[in-house]
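So the chains spell out like this:
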Amino acid sequence: MEIPYTATARPDTGLFNAKLGVWMFLASEVMLFGALFSTYVLLRVGAPSWPHGYEILNIPLATLNTVILISSSVTMVMSWASLMMKEFKKYKMYMGLTILLALGFLIVKGFEYGAKFSHGLYPSESTFLAIYFTLTGLHGLHVIGGIIVNTYFWGPGSKMWHTDPQRFTNRVEVAGLYWHFVDLVWIFLFPVMYLL
Amino acid sequence: MSDEETKENSTSPTEAIETAGPHVAAPHVVEHLELGFWRKYVFSTDHKMIGIQYGITGLLFLLFGFSLMLLMRWQLAYPGEAIPFLGELFGPDRMPEGIMLPEFYNQLGAMHGTIMVFLGVVPLAVGAFGNYILPLQIGAIDMAFPKLNMASYWAYFLGGVTMLTSFFVPGGAANSGWTSYAPLAVIATMGQTLWLFGMVFLITSSLLGSINFIVTTIQLRAHGLSFMRLPFFVWAQLVTAFLLLLAFPPLEAAGILQLMDRLAGTSFFLPSGLVVSGVPLEVSGGGSPLLWQHLFWFLAHPEVYVLILPAMGIVAEIIANNTRKTLWGYKSMVYALIFLGFMSFIVWAHHMFLTGMGTTISAFFQTTTMIISIPSIVILTALFLSLWGGSIRFTTPMLFALAFLPMFGIGGLTGLPLGLAPPDIHLHDTYYVIGHFHYIVAPGTLLALFAGIYYWYPKVTGRKLNDTLGKIHFWGSFIFLNGVFMPMFIQGLAGVSRRLYDGGAIYAHAQGVLHLNEFISVSAWLLGLAQIPFIINFFMSMRKGKKVSDNHWEATTLEWAATTSPPLAHGNFATVPEVHRGPYEYSLPGHKKDYTPQNERVEV
Numbered sequence: 083m084e085i086p087y088t089a090t091a092r093p094d095t096g097l098f099n100a101k102l103g104v105w106m107f108l109a110s111e112v113m114l115f116g117a118l119f120s121t122y123v124l125l126r127v128g129a130p131s132w133p134h135g136y137e138i139l140n141i142p143l144a145t146l147n148t149v150i151l152i153s154s155s156v157t158m159v160m161s162w163a164s165l166m167m168k169e170f171k172k173y174k175m176y177m178g179l180t181i182l183l184a185l186g187f188l189i190v191k192g193f194e195y196g197a198k199f200s201h202g203l204y205p206s207e208s209t210f211l212a213i214y215f216t217l218t219g220l221h222g223l224h225v226i227g228g229i230i231v232n233t234y235f236w237g238p239g240s241k242m243w244h245t246d247p248q249r250f251t252n253r254v255e256v257a258g259l260y261w262h263f264v265d266l267v268w269i270f271l272f273p274v275m276y277l278l
Numbered sequence: 002m003s004d005e006e007t008k009e010n011s012t013s014p015t016e017a018i019e020t021a022g023p024h025v026a027a028p029h030v031v032e033h034l035e036l037g038f039w040r041k042y043v044f045s046t047d048h049k050m051i052g053i054q055y056g057i058t059g060l061l062f063l064l065f066g067f068s069l070m071l072l073m074r075w076q077l078a079y080p081g082e083a084i085p086f087l088g089e090l091f092g093p094d095r096m097p098e099g100i101m102l103p104e105f106y107n108q109l110g111a112m113h114g115t116i117m118v119f120l121g122v123v124p125l126a127v128g129a130f131g132n133y134i135l136p137l138q139i140g141a142i143d144m145a146f147p148k149l150n151m152a153s154y155w156a157y158f159l160g161g162v163t164m165l166t167s168f169f170v171p172g173g174a175a176n177s178g179w180t181s182y183a184p185l186a187v188i189a190t191m192g193q194t195l196w197l198f199g200m201v202f203l204i205t206s207s208l209l210g211s212i213n214f215i216v217t218t219i220q221l222r223a224h225g226l227s228f229m230r231l232p233f234f235v236w237a238q239l240v241t242a243f244l245l246l247l248a249f250p251p252l253e254a255a256g257i258l259q260l261m262d263r264l265a266g267t268s269f270f271l272p273s274g275l276v277v278s279g280v281p282l283e284v285s286g287g288g289s290p291l292l293w294q295h296l297f298w299f300l301a302h303p304e305v306y307v308l309i310l311p312a313m314g315i316v317a318e319i320i321a322n323n324t325r326k327t328l329w330g331y332k333s334m335v336y337a338l339i340f341l342g343f344m345s346f347i348v349w350a351h352h353m354f355l356t357g358m359g360t361t362i363s364a365f366f367q368t369t370t371m372i373i374s375i376p377s378i379v380i381l382t383a384l385f386l387s388l389w390g391g392s393i394r395f396t397t398p399m400l401f402a403l404a405f406l407p408m409f410g411i412g413g414l415t416g417l418p419l420g421l422a423p424p425d426i427h428l429h430d431t432y433y434v435i436g437h438f439h440y441i442v443a444p445g446t447l448l449a450l451f452a453g454i455y456y457w458y459p460k461v462t463g464r465k466l467n468d469t470l471g472k473i474h475f476w477g478s479f480i481f482l483n484g485v486f487m488p489m490f491i492q493g494l495a496g497v498s499r500r501l502y503d504g505g506a507i508y509a510h511a512q513g514v515l516h517l518n519e520f521i522s523v524s525a526w527l528l529g530l531a532q533i534p535f536i537i538n539f540f541m542s543m544r545k546g547k548k549v550s551d552n553h554w555e556a557t558t559l560e561w562a563a564t565t566s567p568p569l570a571h572g573n574f575a576t577v578p579e580v581h582r583g584p585y586e587y588s589l590p591g592h593k594k595d596y597t598p599q600n601e602r603v604e605v
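If you're matching them up, the sequences are chains H and A in order.
Okay, so the first sequence: first residue is 83 according to our numbering, each after it adds one.
Okay, so the second sequence: first residue is 2 according to our numbering, each after it adds one.
What the hints contain is simulated information worked out from the structure, not anything from laboratory work.
The model shown is predicted, which means the values in this text are computed figures rather than measured ones.
Don't take each hint at face value.
[To be verified] Straight-line C-alpha distance at most 25 angstroms; calculated SDA-like pairs for lysine to any residue:
#1 A:Lys-41 / H:Met-83
#2 A:Lys-594 / A:His-581
#3 H:Lys-198 / A:Lys-594
[Unchecked claim] Sample of chain H residues with no beta-carbon within 12 angstroms of chain A, all distances over it, derived:
#4 Ser-110
#5 Glu-137
#6 Val-159
#7 Leu-188
#8 Thr-209
#9 Phe-210
#10 Ala-212
#11 Leu-220
#12 Pro-238
#13 His-262
#14 Leu-266
Using N, Cα and C, we set each Cβ at its ideal position, and we do this for glycine too.
Produce the complete structure using the sequences and hints provided.
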């Protein structure tokens with residue numbers, strides 16, 4: 083027997099299993115990042131002095147990264163939409179673009195980190211740098227996780243398109259939901275760390 | 002004994018299967034894939050096998066965590082005296098000449114708490130009972146994500162291995178209490194780092210598990226099984242899963258921050274100007290020790306309900322079945338449960354009245370704490386009222402379930418003074434607190450979990466646990482559990498602090514209640530002996546226990562519509578059941594038998 087509602091939605095809930103699953107997962111992620119942002123607020127409120135992000139961090143690079151990540155969210159939607167329109171080749175292209183953009187984000191982030199380290203700015207230097215490296219580092223891990231999942235769906239995982247297209251489309255949709263969340267975290271991170 | 006036993010005797014196992022109902026009588030049409038040993042027993046994706054894996058691992062960890070406490074109880078009863086026979090085995094780093102070192106005592110204390118909560122009770126209550134029973138009770142063929150289910154067990158297993166390994170690193174295991182308060186934990190030995198890594202594994206396991214439980218319950222309910230027809234156990238597991246899902250991530254965040262403090266030299270939890278052993282600590286400072294407590298208790302208070310809700314679910318099932326009537330106020334119980342789950346997120350700082358966080362915050366949290374006691378009392382009262390007018394069968398599981406009610410009552414009521422800031426100032430960090438929460442978790446949850454084992458053992462193995470051994474186990478456990486925890490209230494009211502290496506021997510105010518230490522310790526060791534009948538029973542009954550029918554307890558919920566020990570590989574039900582009625586339709590007037598299963602269309 084097959085487990086029901088892996089490909090089609092259950093009529094009374096209107097959801098297939100993985101979609102509900104990923105929403106639950108994202109709810110827990112909200113709590114994870116919520117706790118870290120609360121930590122930021124508590125430490126900053128309790129600190130006698132707190133540097134402005136723009137005095138230490140590189141705003142142009144971070145702006146570039148914001149553009150890159152938002153674009154990758156757009157290509158991610160396009161890849162799912164291509165599957166919905168049964169255009170597998172377009173899917174491959176858009177998914178490939180998404181992965182490349184995500185790698186681009188990491189490369190820019192790597193330059194930023196490198197510049198900080200070369201100036202002796204480590205997490206142990208100050209509470210500001212500690213929370214900066216922790217939050218962006220954890221976000222970076224989420225980007226890496228997204229790249230791994232998306233690469234699987236771009237490469238070996240895409241074979242499923244030929245056997246079970248509905249389920250494969252669902253998988254890409256779910257991966258997309260996760261990817262938009264990663265994007266959303268950055269949209270909070272950018273102003274909080276760099277601009278405020 | 003009761004008439005139920007005589008009834009069994011008249012039915013041979015083969016007859017029982019033939020008469021057990023329309024669904025089980027059908028021949029198995031399920032494809033039976035022959036899996037190898039590793040895929041079948043070790044890396045299984047079947048919820049029943051994973052449930053058994055969780056159950057056995059959880060029981061072993063419970064025994065292990067309990068033994069740690071038995072060692073500590075020697076030191077508390079006879080401070081500074083060598084432990085006979087055993088002491089020497091621990092080596093000069095831990096017990097030179099058999100005398101326990103304070104450092105080792107601290108390790109035992111921290112690891113007892115961690116192991117009992119995160120590796121023992123939760124895996125057993127949620128991992129084992131949830132995995133095995135929940136899909137059966139909702140008429141599903143498996144969990145929604147079988148591979149994720151396997152991953153969640155193995156993450157738990159790795160977490161357990163990490164915790165056990167930490168005993169053997171330099172400086173030993175974590176020794177800053179199960180709460181790992183900063184800044185003490187940040188400057189502790191290497192065991193603390195392993196504790197944090199272990200917790201990350203356990204949190205991952207809980208997250209995967211909770212997502213699976215929620216999706217399974219919402220998506221895979223059998224046709225006709227609406228939310229208000231769910232057995233109370235399923236409701237309890239569903240609310241528990243939400244607590245695990247939303248409360249654990251902040252602890253994960255806290256764990257990451259403490260790891261950063263320990264490994265990357267940051268100061269999230271280290272205030273400026275910290276001096277350790279007379280030497281100023283070389284860190285940037287500016288952190289907040291209070292922050293750790295907030296993040297920790299944001300998990301750990303909902304965690305208390307994670308420990309108790311599945312137990313309430315088990316007890317509700319057993320009480321309905323053994324009183325032969327429906328639960329009193331099923332709907333109020335469900336609403337109370339949901340409200341309880343919600344409220345459990347906004348009471349956490351009642352653990353922190355003494356931290357100096359301010360009276361305004363204290364006032365808020367003591368108000369929410371008083372409010373959360375209401376739904377707990379609603380559920381407990383409903384369970385008590387369910388007994389009223391029932392023709393109670395005093396089966397072994399029912400004894401455990403009945404004992405749960407007053408024990409949880411004591412645990413809950415003794416918690417009220419702790420929830421109000423003024424009495425808490427006196428009682429905080431004393432043995433009163435230890436007595437209070439142990440009454441909830443040990444005589445409360447553990448008795449309920451044993452009740453569950455006695456109740457569902459026939460479903461898992463097809464055989465019944467021996468009743469005589471079961472009753473010895475029950476009375477022994479019940480008496481000695483009270484012998485252990487009741488005197489702690491007296492000690493705590495006298496002001497004896499917890500976490501004292503000598504049990505309070507050097508304190509003048511403790512002298513009057515010091516003699517109780519020996520009484521508690523002897524009770525604890527006897528409690529250990531009282532578990533032997535259970536261990537014998539558990540293994541002996543697998544082969545020699547009395548064979549029983551599919552629906553041995555004449556219960557109404559769906560797990561009893563499946564065959565005994567349902568086949569692996571998604572083969573729970575020969576045909577997927579359809580639900581026509583509520584969960585506890587017992588003793589309906591005008592019906593021939595006193596129970597009407599949920600999947601029964603017409604009365605026979």
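Hints, verified against the model:
Restraint check: the Cα-Cα separation between Lys-41 (chain A) and Met-83 (chain H) comes to about 17 angstroms, which is no more than 25 angstroms; the hinted pair holds. With a C-alpha separation of about 17 angstroms, the suggested pair Lys-594 (chain A) and His-581 (chain A) falls inside the 25 angstroms cut-off, and the hint holds. Pair hint Lys-198 (chain H) plus Lys-594 (chain A) does not hold up; C-alpha atoms about 77 angstroms apart against a cutoff of 25 angstroms. For Ser-110 (chain H), the non-interface assignment is contradicted: its Cβ lies about 5 angstroms from the closest Cβ of chain A, within the 12 angstroms cut-off.
Non-interface call for Glu-137 (chain H) relative to chain A: holds, since the shortest CB-CB distance, roughly 17 angstroms, exceeds 12 angstroms. No Cβ of chain A approaches the Cβ of Val-159 (chain H) within 12 angstroms, the least distance being about 24 angstroms, so the stated non-interface status holds. Listed as outside the interface, Leu-188 (chain H) is consistent with that label: its C-beta sits roughly 20 angstroms from the nearest C-beta of chain A, beyond the 12 angstroms cut-off. With a closest Cβ-Cβ approach of about 4 angstroms to chain A, Thr-209 (chain H) is found to fall inside the 12 angstroms limit, against its non-interface label.
Separation of Phe-210 (chain H) from chain A is inadequate, the least Cβ-Cβ distance of about 9 angstroms not exceeding the 12 angstroms criterion. Here Ala-212 (chain H) does not stay apart from chain A, with its beta-carbon only about 4 angstroms from theirs, under the 12 angstroms limit. Distance check for Leu-220 (chain H) against chain A: the nearest CB is about 7 angstroms away, which does not clear 12 angstroms, and the non-interface claim fails. Distance to chain A confirms Pro-238 (chain H) as a non-interface residue, since its nearest Cβ pair spans about 16 angstroms, more than 12 angstroms.
No beta-carbon of chain A comes within 12 angstroms of the beta-carbon of His-262 (chain H); the shortest separation is about 18 angstroms. Against chain A, the non-interface label of Leu-266 (chain H) holds: every CB pair exceeds 12 angstroms, the least being about 16 angstroms.
Checked against the numbered hints listed earlier, the structure breaks hints 3, 4, 8, 9, 10 and 11; every other hint is satisfied.
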